[in-house]
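Colleague: Work out the full structure, taking the sequences as your base and the hints as a guide.
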Amino acid sequence: MKTENSADQKRGYFVILDIDCFKEINDRYGHPEGDRVLKAVSGNLKQILGNGGLPGRLGGDEFVALIHQPVTADEIKNFLNRLKDEIGKIRTGDETVTCSIGVVSIKEEDSIDRLYHNADQLLYAAKKNGKNQFVFDL
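Residues in the sequence shown are numbered from 1 upward in steps of one, following my numbering.
Keep in mind the hints are simulated off the structure, nothing from the lab. There's no promise every hint is true.
Quick list of in silico lysine-lysine cross-link-like pairs, DSS-like style, CA-CA up to 27 Å [unchecked claim]:
1. K89 to K131
2. K39 to K131
3. K131 to K46
4. K107 to K84
5. K77 to K39
6. K46 to K127
7. K39 to K84
8. K107 to K127
9. K10 to K84
10. K127 to K89
11. K46 to K89
12. K107 to K23
13. K46 to K107
14. K107 to K89
15. K23 to K127
16. K89 to K128
17. K23 to K131
18. K23 to K89
19. K128 to K77
20. K128 to K84
21. K131 to K77
22. K39 to K127
23. K84 to K23
24. K46 to K77
25. K84 to K131
26. K107 to K39
27. K39 to K10
28. K23 to K10
29. K127 to K77
30. K10 to K46
31. K84 to K46
32. K127 to K84
Modeller: Written out as structure tokens, the structure reads:
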């Protein structure tokens with residue numbers, strides 16, 4: 001009997017994304033430029049998610065995504081790397097926009113509050129560890 005490795009299991013994910021140094025973007029380049037960055041990040045998130053998830057904006061420079069189409073751990077890592085790459089193409093002045101991401105796999109017993117809390121903790125770990133990265137709990 002063949003059993004699936006946990007890395008091969010398909011599941012949904014909850015993602016929180018925060019634009020790194022967003023306040024500095026607004027302060028240095030102005031709010032219209034900050035708004036342009038927010039729209040570009042939102043567009044990238046929607047494009048990469050496609051029909052596999054639901055994006056949203058929490059407020060300020062924080063976005064969330066509920067990836068409801070089950071994917072493997074490798075697929076979620078590929079998704080996150082593509083998202084970071086696309087966001088990295090956004091420029092403000094002579095600087096590149098980066099983001100920090102916290103992501104948790106969805107388990108049947110998880111409430112939205114628990115998913116949010118856990119992903120938010122991982123987001124803060126990504127920021128603390130140097131930004132421009134994702135931290136996840138599979």
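Colleague: Would you mind marking each hint as holding or not holding in the structure?
Modeller: To see whether the hints hold, each was checked on the structure:
1. K89 to K131: Satisfied, since the Cα-Cα distance of roughly 16 Å is no more than 27 Å.
2. K39 to K131: At roughly 21 Å apart (the allowed maximum being 27 Å), K131 and K39 satisfy the hint.
3. K131 to K46: OK: K131 and K46 at ~22 Å, within 27 Å.
4. K107 to K84: It holds: about 25 Å lies between the C-alpha atoms, which stays within 27 Å.
5. K77 to K39: holds, 23 Å
6. K46 to K127: holds, 23 Å
7. K39 to K84: Given pair K39, K84 holds - Cα atoms ~15 Å apart, limit 27 Å.
8. K107 to K127: holds, 25 Å
9. K10 to K84: holds, 22 Å
10. K127 to K89: Cα-Cα ~20 Å, so holds.
11. K46 to K89: At roughly 16 Å apart (the allowed maximum being 27 Å), K89 and K46 satisfy the hint.
12. K107 to K23: Between K107 and K23 the Cα gap is close to 34 Å, so the pair fails against 27 Å, i.e. violated.
13. K46 to K107: holds, 24 Å
14. K107 to K89: Answer violated: K107 to K89 is near 33 Å, above 27 Å.
15. K23 to K127: Measuring from Cα to Cα gives roughly 14 Å; hence the hint holds.
16. K89 to K128: holds, 23 Å
17. K23 to K131: Holds - the C-alpha atoms of K131 and K23 are around 15 Å apart, at most 27 Å.
18. K23 to K89: holds, 19 Å
19. K128 to K77: Judged against 27 Å, a Cα distance of about 20 Å means the pair holds.
20. K128 to K84: Within the cut-off at roughly 17 Å; holds.
21. K131 to K77: Holds, at about 16 Å.
22. K39 to K127: The hint holds at about 22 Å.
23. K84 to K23: Within the cut-off at roughly 19 Å; holds.
24. K46 to K77: OK: K46 and K77 at ~17 Å, within 27 Å.
25. K84 to K131: holds, 11 Å
26. K107 to K39: Judged against 27 Å, a Cα distance of about 31 Å means the pair is violated.
27. K39 to K10: violated, 30 Å
28. K23 to K10: violated, 37 Å
29. K127 to K77: Holds - the C-alpha atoms of K77 and K127 are around 18 Å apart, at most 27 Å.
30. K10 to K46: holds, 21 Å
31. K84 to K46: holds, 13 Å
32. K127 to K84: OK: K127 and K84 at ~14 Å, within 27 Å.
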